[in-house]
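**Q** Following the hints, put chain B in place on chain A, whose structure we already have.
There are 2 protein chains.
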Amino acid sequence: MTIDEEFRRRLDAAAEATETQLDALLGAAPLAGEIRRPARLLEAMRYASLGGGKRLRPFLVIESARLFGATGESAQRTAAALEMVHCYSLVHDDLPAMDDDDLRRGRPTAHKAFDEATAILAGDGLLTYAFDVVADPATHADAGIRANLVLALARAAGLGGMVGGQALDLEAETAKTPLTLDEILRLQAMKTGALLRFAVDAGAILGGASPDAGSALTRYGEALGAAFQIADDILDAEGDTAALGKRAGKDAERNKATLIGLLGLDAARARRDFLVQAAVDALAATRLGEATHILAQAAHFVALRSN
Amino acid sequence: MTIDEEFRRRLDAAAEATETQLDALLGAAPLAGEIRRPARLLEAMRYASLGGGKRLRPFLVIESARLFGATGESAQRTAAALEMVHCYSLVHDDLPAMDDDDLRRGRPTAHKAFDEATAILAGDGLLTYAFDVVADPATHADAGIRANLVLALARAAGLGGMVGGQALDLEAETAKTPLTLDEILRLQAMKTGALLRFAVDAGAILGGASPDAGSALTRYGEALGAAFQIADDILDAEGDTAALGKRAGKDAERNKATLIGLLGLDAARARRDFLVQAAVDALAATRLGEATHILAQAAHFVALRSN
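One line per chain: the protein sequences are A and B, in this order.
According to the working numbering, the first sequence is numbered sequentially starting from 1.
According to the working numbering, the second sequence is numbered sequentially starting from 1001.
Excised from the complex, chain A in its bound form (with noise of 0.2 Å):
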C-alpha cells in the first residue's frame, strides 16, 4: 500500500488544528481558578510544544473520533492534551538526569534552551495542563465522557504505563542480563504504546463507540504502537541525525533494550511488517467500512517513516 494524498492533507490538517489549540491554550491570560501565568515559564512551555514533530497521537484522536461522527473542539482539544503529555514525556527524558539529550526536533532541547529546574517545571506544567484541558466542559458537555478521558489518559500515562515504561527502560541499561523478548515488548508497550493506544481509546470515547469496535480499534491501537516502536529503532539503528533530528545510533550505544539488539534487523523488520498488517485486520474488525482506511494509511505510516 502506497501513503495517498489525503493520509497527508489529514495529518497535516491535524498538526494545524493541533498547533493553533496549543497556541491558544498556552495563551498569557490566566483561566479561573489560575492566579497568574509566568512568562518564562510560559515561554517553556510553548517553546516544548509548539511548532515540531508529526503531531501523529493528535492525529489518532481526531481520526478516531471521526470514524463515530465526533469532530470539532471536542477531538481538537482532547488532541491538544494527548500531545502536551507526549510533549512533557520528551522534556523530562531528554533531562541530564535521564537520556541527557541535547537535541531534538533538531533544535536544542527544553533544559538546554532555558535549563534544568524551568525545563522540569515545564514538563510538570504541560502533564498538569493536559488535566486541565480533558476536564474543561469546553471539551466535552458530557461530564461522563470528560471524566472517562481522564481516568484513560492517566493510566496510559501513569505508573502502569508511559512513566514506567521509561523507568523500566532506564533500568535495562544497567541491567546485568538483557532483557528477555517479553519483557521488551512489555517495556515497549508501556513506554510508547500505551500513550499510541490512548489516542485511539480517546475517540472511541468521544465518540461513543460500541464495544466491539472500541476494542478492536484498541487492538489497533496496541499493534500500531508497537509497529511504530520497532521503526523507532530501525531509524536509530540506520538513520542519522539530520534527517532525524535527535541524534542517531544512541540505543546501541547506551546498551537500550531494543527488537533489533536481541533479533537483528531483518527480524525486526519482520515483525513491524506483521504488526501493520495486524493493525489493518483490526480496522476490519470494527466493521466501520472504508471510513477506516485513513488509520490503515497510518499503521503504513508508522511502520515506514523516515524520522
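If you're looking for bench data, these hints aren't it; they were derived computationally from the structure.
Fair warning: this is a prediction, and the values are worked out from it, not measured in the lab.
Treat each hint with caution, since some may be false.
To be verified - Straight-line C-alpha distance at most 25 Å; calculated DSS-like pairs for lysine-lysine:
(1) A:Lys112 / A:Lys256
(2) B:Lys1176 / A:Lys112
(3) B:Lys1112 / B:Lys1054
(4) B:Lys1112 / A:Lys176
(5) A:Lys112 / A:Lys176
**A** Coordinates of chain B only, in the frame set by chain A:
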C-alpha cells in the same frame, strides 16, 4: 484560642485514613488499563508519599467535606490524591536542579534515597496518579463532581498555581531587584496557597456546598494558606534543622523572597495573626455554625506550629 483535643484527634484520624488510602492505592497490582507497575518506581512513589508529614491538606479536604455531610471514601480518596500532588511537588522541588535538598521529613530526599531519574519519574507518577484517583468512579458516583475536582486540582497545581509559583520562586533567587510585597504575596498564593485553597474547595465540591458557603470557605482557605506560608518562613528563620526535619535557615542563605526579608519578623508575625483572624471570620460567613470550629482550630494550629 488553644488547640483542643478534638482537633488533634481529627488531624490524627485524617492522617491515618490518608496513610491507609495511599498504601492501598500504591499497591503492586496493576489496575485495568495499566500494564505493569515497576517495582523500583513504585517503591520510590511509596517512599515519597507514605509515613510522613502532618497531612494537613488531606485533613482540610476531609473536614471541609464533612461540613456539607460528605464523609467516607469520596473525601478520603480525594484527600489522598491531593497529598500525592503535594508529595510530588516536594520530590521535584528537592531535586539538585531546583532547591537541592538532601533532607525531608528527617529522611534523605527521594533523589538521595534512590537516584535523580527515579525521583523525577516518581514525581511524575504521583502527579499523574492523583488525577487517576480523582477521576475514578470509586471516588464519586457523580461524574460531574469528579470532572470538577480534576479541573480545580489541575488549576491549583499547574502553571497558574503551584508549578508557576515554584518557577517564580526560582526566578526571584537570581533577580536583580527584590520582589515587592505584592509580588511576594502572589508568589506565595501560587506556590503554597493554591493547593491549600483547593483542599477546602474540594470539600465544597464533594459536599455540594451553596455558592455562598463555598466562596466563604474559599476565603478561609486563602487566608489559611497565606498564614501557613508566613509560619513556614518564621520556622525557617528561627527553627532548627532537627525539629523541622529539613534544613533550616536556607531562605536567607538563598536570598529567597519572604515577607520576613521585606518586613522583618515582628511585622510578619502580626500579619500571620491578622490572617488567622481573617480565616476564622470567613468561617463565620459560611453560616455553618459550630461545625466550623474544627477548621478554626486548624487555622490556629497552622499559624502556631513548631514544625
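**Q** Would you check the hint for Lys1112 (chain B) and Lys1054 (chain B), treating anything up to 25 Å between C-alpha atoms as holding?
**A** holds (22 Å)
**Q** For the pair we were handed, Lys112 (chain A) and Lys256 (chain A), check the Cα-Cα distance against 25 Å.
**A** Roughly 23 Å separates the two Cα atoms, so the pair holds.
**Q** Between Lys1112 (chain B) and Lys176 (chain A), is the straight-line Cα distance small enough, at 25 Å or below?
**A** Satisfied, since the Cα-Cα distance of roughly 23 Å is no more than 25 Å.
**Q** Decide if the proposed pair is consistent with the structure: Lys1176 (chain B) and Lys112 (chain A), CA atoms, cutoff 25 Å inclusive.
**A** holds (23 Å)
**Q** What's the verdict on Lys112 (chain A) and Lys176 (chain A), does the C-alpha distance respect the 25 Å limit or exceed it?
**A** violated (32 Å)
Of the numbered hints stated above, the single one contradicted by the structure is hint 5.
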